[in-house]
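Trainee: Sequence:
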Amino acid sequence: GTLRRHAGRTAMTGGAPQPPSFAPEVHKGDIPKEYRLQRYYTAADIAGHNTAHNCWVSFFGRVYDLTPLLAEYKGPLAQPIIAAAGSDISFWFDEATGQPKMHLDPVTGMQEIYCPWGRYIHVPPQGPESDWATDFGTPWWEDTRYWIGLRSAATRKIGIVNLMTRQKNTLEVPVEETVAEIQQRYLVHNAHAGSYTWKRLGKPLNMDKTLAENGMEDETEEFLRLSIDLDHHIPVIHLHFNDDLTEA
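Counting in the working numbering, the sequence shown runs without a single skipped number right up to 1038 at its last residue.
Hints may be right or wrong, so weigh each one.
As the list claims (entries may be wrong) - Below, a list of computed lysine-lysine pairs in the DSSO-like style, where the Cα atoms sit at most 27 Å apart:
id: 1; residue 1: 818; residue 2: 864
id: 2; residue 1: 864; residue 2: 891
id: 3; residue 1: 958; residue 2: 989
id: 4; residue 1: 958; residue 2: 993
id: 5; residue 1: 947; residue 2: 891
id: 6; residue 1: 947; residue 2: 958
Claimed, not checked - Here are the computed distance ranges between Cβ atoms for each label pair:
id: 7; residue 1: 949; residue 2: 1015; range: 37 to 43 Å
id: 8; residue 1: 979; residue 2: 892; range: 28 to 34 Å
id: 9; residue 1: 811; residue 2: 949; range: 36 to 42 Å
id: 10; residue 1: 887; residue 2: 1009; range: 35 to 41 Å
id: 11; residue 1: 887; residue 2: 1023; range: 41 to 47 Å
Honestly, the hints are just simulated from the structure, not real lab data.
The C-beta atom is built at its ideal place from N, Cα and C for all residues, glycine as well.
Given these sequences and hints, build the entire structure.
Mentor: Structure below.
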C-alpha cells in the first residue's frame, strides 16, 4: 500500500492491516499488550475489547482497534466511543459514503452529523467554535491505521477432541477461516496443537482450506430451519498426536 503522513506518524492506505501504533507521548501503561492479527474476528472476539484502554469496534464488516485514538483524546468526546467499545457501530455511518450519517437538527433546522450517543472525536461542534482544532488530519473512521481485520460474516461451532488426553473443546469460529487459522485459536486450549494431525472421520484435513472446503459443510442454517438443536450436531475434529501411531 501507499504511505501517508498522519499527525507526525505514517499510516498504511490499502494493503493488509497493521498492528496499531501509539503516539510517542502515550504513557506505556496505557498501551495493551501486543496481540496476533487475524484475518477475521467474531462478534465474541470483538466484544472482549470493551474498555477505554482496550477498545475495538466494527463497522461495515471491518474491525478497528481504537485504543490508540482513546489514548490521545481524553475528555467528553471520547465517551460515546468508550460506550460503544466491543460492539458494531455501523449505524453511526452512511454505508454509501463511509462518512458519519447526517440529519436535520430539529432545533436549528441545520444539516449536521447524527450522533446517536452524543458528539464524538473528530465531529465538529454545532455552530462556529473558536477552540475546535481542525488540524487533526484524517478523521478516525477514515484512518486505516486503526484497521485490524474483517468481521466474520457468519460463525459455526466445531468440537475438537484430543485423542491422547481426551480433552474436548467447542470453538465458535468464522466460516471464512482456514483450519490453520482455527488451529491458532485453539492454541489457548493446547499450546502444542501444532504437534498433532487434524483429522475428520479419519482423514487428515488440508490446513490451508476452510472447513467447508474440507468437506465439512456448514449446516447451521439448515438445522435452524428444521428446528434441530445445533448443540447436538456439532461436527468434531480429532487431533492425533504425531508420535502416536495407533489409530483411534
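Trainee: Does each hint fit the structure? Answer for all of them.
Mentor: Evaluated hints:
1. 818 with 864: holds (16 Å)
2. 864 with 891: Distance ~24 Å between residue 864 and residue 891 Cα, so the pair holds.
3. 958 with 989: holds (14 Å)
4. 958 with 993: The hint holds at about 19 Å.
5. 947 with 891: With a Cα-Cα distance of about 35 Å, the restraint between residue 947 and residue 891 is violated, given a limit of 27 Å.
6. 947 with 958: holds (13 Å)
7. 949 with 1015: 37 to 43 Å: violated (22 Å)
8. 979 with 892: 28 to 34 Å: violated (47 Å)
9. 811 with 949: 36 to 42 Å: About 38 Å separates the Cβ atoms of residue 811 and residue 949, which means 36 to 42 Å holds.
10. 887 with 1009: 35 to 41 Å: holds (38 Å)
11. 887 with 1023: 41 to 47 Å: holds (42 Å)
In terms of the numbered hints stated before, the structure departs from hints 5, 7 and 8, listed from lowest to highest.
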